[in-house]
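Asks: Take a look at the letters that make up each chain.
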Amino acid sequence: KAGVTQTPRYLIKTRGQQVTLSCSPISGHRSVSWYQQTPGQGLQFLFEYFSETQRNKGNFPGRFSGRQFSNSRSEMNVSTLELGDSALYLCASSRPGTGTNSPLHFGNGTRLTVT
Amino acid sequence: DQQVKQNSPSLSVQEGRISILNCDYTNSMFDYFLWYKKYPAEGPTFLISISSIKDKNEDGRFTVFLNKSAKHLSLHIVPSQPGDSAVYFCAASATFSGGYNKLIFGAGTRLAVHP
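Protein sequences, first through last, are from chains H and F.
Residue numbering for the first sequence follows the numbering used here, starting at -19 and increasing by one per position.
Residue numbering for the second sequence follows the numbering used here, starting at 236 and increasing by one per position.
A portion of the hints provided could be inaccurate.
Simulated pairs of lysine-lysine, BS3-like, Cα-Cα distance not exceeding 27 Å [said to hold, decoys possible]:
1. H:Lys37 with F:Lys306
2. H:Lys37 with F:Lys240
3. H:Lys(-7) with F:Lys273
4. F:Lys273 with H:Lys37
5. F:Lys273 with F:Lys303
Covered, in the sense of this in silico footprint (three residues per stretch, anywhere, with C-beta under 8 Å from a C-beta of chain F), are these stretches of chain H [said to hold, decoys possible]:
6. 40 to 47
7. 52 to 64
Bear in mind the hints are in silico, worked out from the structure with no lab data behind them.
Even glycine gets a Cβ: it sits at the ideal position worked out from N, Cα and C.
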């Protein structure tokens, strides 16, 4: 079974630009979550999507947004990039949300560098 | 305010011995706890989890212990192997207040297993 796939693996952008990251979850997984990993802040929750709806949101500014498509694939967008947005962005998926806990399975991330 | 704390940034253990990684949390609403392992340039890999209704869960060489009164959990790896060398993250979620997929991560502990 293929794992969570994130594209691209690496991205270099300039301050003020916007960026879109893509995530394909494990087949059959309908929940997709996004996390930001930085050396100083560790892994921080951005948002979660389930059945094309944002189900949960972390404490990030409105410049960070996402969406989920009917095939469960998800995209994350960051507008007006700042230097502090440089980070590893991780996508994770889990099996259908039934109200019970199931572990998140992570992709290898997209390394975003803002110059 | 760090809700999940891993106070040891690094741990060095001899091959074949036990590795004990510790994690403390402050939010009494947390009811699901997980451990992830992360190699460089890869996403976190799920290791083992435990629900707050249990105090121990085993999976092969990995055992997680939960002490709810002390708000403390630990991961035991026995016997430790060189391939276990990685960064280990403790994570927690509050099913009915934060959402099952909104994980709060600790800062990680770097485990080095040497021959």
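Asks: Each of the hints needs a verdict: does it hold here or not?
Replies: Here is how each hint holds up against the structure:
Note on Lys37 of chain H and Lys306 of chain F: the hinted pairing holds, with a Cα-Cα distance of about 25 Å set against a maximum of 27 Å. Note on Lys37 of chain H and Lys240 of chain F: the hinted pairing holds, with a Cα-Cα distance of about 22 Å set against a maximum of 27 Å. A C-alpha spacing of about 26 Å is found between Lys(-7) of chain H and Lys273 of chain F, which places the hinted pair at or below 27 Å, so the restraint holds. Of the supplied pair hints, the one linking Lys273 of chain F and Lys37 of chain H holds, its CA atoms being roughly 24 Å apart against a limit of 27 Å.
As the CA atoms of Lys273 of chain F and Lys303 of chain F are separated by approximately 26 Å, the hinted pair is consistent with the 27 Å bound. Remark: the segment 40 to 47 of chain H is not confirmed as covered by chain F, as 0 of its residues place a Cβ nearer than 8 Å to a Cβ of that chain, below the required three. Using a Cβ-Cβ cut-off of 8 Å, 0 residues of the segment 52 to 64 of chain H lie near chain F, which falls short of the minimum of three, so the contact claim is violated.
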